[in-house]
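Here is how the chains run, residue by residue.
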Amino acid sequence: MLDSIVKTIDVPCSQKRAFEIFVDMASWWPLDKRSMSLMQAGAPAKSLSVDAREGRRIVELAADDVEHHWGTFRVFDPHAHLQLDFHMGLPADQTGQVDVSFTPIDAGTTRVELVHSNWEGYGDMAEMMLNGYGGSWDMLFGEHFAAACAG
Amino acid sequence: MTYDNAITALADPTRRAVFEALAVKPQSVADLAQGQPVSRPAVSQHLKVLVGARLVKATPQGTRRIYALDPTGLIALRAYLDRFWDDTLGAYAAEVRRQSAN
Numbered sequence: 001m002l003d004s005i006v007k008t009i010d011v012p013c014s015q016k017r018a019f020e021i022f023v024d025m026a027s028w029w030p031l032d033k034r035s036m037s038l039m040q041a042g043a044p045a046k047s048l049s050v051d052a053r054e055g056r057r058i059v060e061l062a063a064d065d066v067e068h069h070w071g072t073f074r075v076f077d078p079h080a081h082l083q084l085d086f087h088m089g090l091p092a093d094q095t096g097q098v099d100v101s102f103t104p105i106d107a108g109t110t111r112v113e114l115v116h117s118n119w120e121g122y123g124d125m126a127e128m129m130l131n132g133y134g135g136s137w138d139m140l141f142g143e144h145f146a147a148a149c150a151g
Numbered sequence: 001m002t003y004d005n006a007i008t009a010l011a012d013p014t015r016r017a018v019f020e021a022l023a024v025k026p027q028s029v030a031d032l033a034q035g036q037p038v039s040r041p042a043v044s045q046h047l048k049v050l051v052g053a054r055l056v057k058a059t060p061q062g063t064r065r066i067y068a069l070d071p072t073g074l075i076a077l078r079a080y081l082d083r084f085w086d087d088t089l090g091a092y093a094a095e096v097r098r099q100s101a102n
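First to last, the protein sequences are chains G and H. Each step along the first sequence adds one to the number in the UniProt record's numbering, with nothing skipped, and position 38 is 38. Each step along the second sequence adds one to the number in the UniProt record's numbering, with nothing skipped, and position 25 is 25.
The hints are simulated quantities; they were obtained by calculation from the structure and are not laboratory data. Each hint should be verified, as a subset may be incorrect.
SDA-like mimics (lysine to any residue), calculated; alpha carbons at most 25 Å apart, straight line [what the hints assert, rightly or not]: (1) G:K46 <-> G:R34; (2) G:K46 <-> H:D86; (3) G:K46 <-> H:A93; (4) G:K33 <-> G:Q83; (5) G:K7 <-> H:R98; (6) G:K33 <-> H:S100; (7) G:K7 <-> G:G71; (8) G:K16 <-> H:D86; (9) G:K16 <-> G:P104; (10) H:K48 <-> H:L32; (11) G:K7 <-> H:D82; (12) G:K16 <-> H:W85; (13) G:K7 <-> H:D70; (14) G:K46 <-> H:D70; (15) G:K7 <-> H:A91; (16) G:K7 <-> H:G90; (17) G:K33 <-> G:S47; (18) H:K25 <-> H:V51; (19) H:K25 <-> G:S4; (20) G:K16 <-> G:R111; (21) H:K25 <-> G:S117.
Covered stretches of chain G, going by a simulated chain H footprint (3 or more residues, C-beta under 8 Å) [stated by the list, open to error]: (22) 15 to 27; (23) 30 to 44; (24) 108 to 119.
What you are looking at is a predicted structure, and each value in this text was computed from that prediction instead of being measured. Just so you know, even glycine gets a beta-carbon here, dropped at the ideal spot from N, CA and C.
Next up, chain G with everything else stripped away, as it sits in the complex (with noise of 0.2 Å):
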């Protein structure tokens, strides 16, 4: 019902290569900007363990030694398409789908989308924020809803 977040990048370098790169997460999420170890126990994840297969899971190792169950692939097709039910760290049941289909517009770029939905469903990340955000929150929001009320 709500409409769905959607993201397109073009990065240089082929069809291939984008999807290899896209799958090893490990070598490039920002788990200092982005994880659960961060909102959890304060300080960037230690690690993140990827099976880039079917069926397989992505799990984030954090701070404290807790592991936090991010997503499953649910759609694994080198090198052009992936799915993910991605909850990250929410319980598997409240799961968003995260789509990402891989482009060649030509021998050296690919065109990445990146196409999140049924987020509304992430009830239970409304008060993890709350929780976890504290006095970040004005940060995170302020920009956004400074222009907001602005407006």
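Got chain G; can you put chain H on it based on the hints?
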């Protein structure tokens, strides 16, 4: 502030259950009370909070009021996730550029 209300409103499990029931389909107070283990006045009270947080809106239909989700209050969650993917895809693109440069 709108986002603060939305987050606080959804922190209550019963209120979240009411919210989720409305996500499935718009309903009247009577319909909602049938599906929830709480009294009709309690459902009305939860709806009042949800309407105040702009998560839910009411539309008169004859003598009844039909409640449905109001996407306005979900802007905060959407803004959070929007930024979430900007940050993460930005890091991904940076890694592609780093590897392509080598």
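Hint by hint, here is what the structure shows:
Between G:K46 and G:R34, the direct Cα distance comes to roughly 12 Å. Compliance with the 25 Å bound is thereby established for this hinted pair. Distance restraint check for G:K46 and H:D86: the Cα-Cα separation of roughly 22 Å lies within the 25 Å cut-off, and the hinted pair is therefore satisfied. Among the hinted pairs, G:K46 with H:A93 is consistent with the structure: their alpha-carbon atoms are about 22 Å apart, no more than 25 Å. Taking the CA atoms of G:K33 and G:Q83, the gap is about 23 Å. The hint holds against a cut of 25 Å.
For the suggested pair G:K7 and H:R98, the alpha carbons sit about 21 Å apart, so the restraint of at most 25 Å is met. The hinted pair formed by G:K33 and H:S100 meets the criterion: a straight-line CA distance of about 24 Å does not exceed 25 Å. Annotation: proposed proximity of G:K7 to G:G71 holds, straight-line Cα distance about 19 Å (limit 25 Å). As the CA atoms of G:K16 and H:D86 are separated by approximately 22 Å, the hinted pair is consistent with the 25 Å bound.
Simply put, G:K16 and G:P104 have alpha-carbon atoms about 9 Å apart, close enough for the 25 Å limit, and the pair holds. Taking the CA atoms of H:K48 and H:L32, the gap is near 13 Å; set against the 25 Å cutoff, the hint holds. Distance restraint check for G:K7 and H:D82: the Cα-Cα separation of roughly 8 Å lies within the 25 Å cut-off, and the hinted pair is therefore satisfied. Distance hint between G:K16 and H:W85 is fulfilled; the C-alpha atoms sit about 22 Å from each other, no more than 25 Å.
Distance restraint check for G:K7 and H:D70: the Cα-Cα separation of roughly 24 Å lies within the 25 Å cut-off, and the hinted pair is therefore satisfied. Proximity of G:K46 to H:D70 is assessed by CA-CA distance (about 39 Å); at most 25 Å being required, the pair is judged violated. Simply put, G:K7 and H:A91 have alpha-carbon atoms about 14 Å apart, close enough for the 25 Å limit, and the pair holds. A distance of roughly 11 Å separates the Cα atoms of G:K7 and H:G90; the hinted pair therefore holds under the 25 Å criterion.
A C-alpha spacing of about 13 Å is found between G:K33 and G:S47, which places the hinted pair at or below 25 Å, so the restraint holds. The hinted pair formed by H:K25 and H:V51 meets the criterion: a straight-line CA distance of about 16 Å does not exceed 25 Å. Distance check on the hinted pair: H:K25 and G:S4 sit about 19 Å apart at the alpha-carbon level, within 25 Å; holds. With a C-alpha separation of about 12 Å, the suggested pairing of G:K16 with G:R111 holds against the 25 Å cut-off.
Under the criterion of a C-alpha separation no larger than 25 Å, the hint pairing H:K25 with G:S117 is consistent with the structure, at around 18 Å. Counting residues of the stretch 15 to 27 of chain G whose CB falls under 8 Å from any CB of chain H gives 5; the rule of at least 3 is met. Taking a C-beta to C-beta cut-off of 8 Å, the stretch 30 to 44 of chain G contributes 3 residues in contact with chain H, enough for the three needed, and the coverage statement holds. Counting residues of the stretch 108 to 119 of chain G whose CB falls under 8 Å from any CB of chain H gives 4; the rule of at least 3 is met.
Hint 14 from the list above is the single one not met by this structure.
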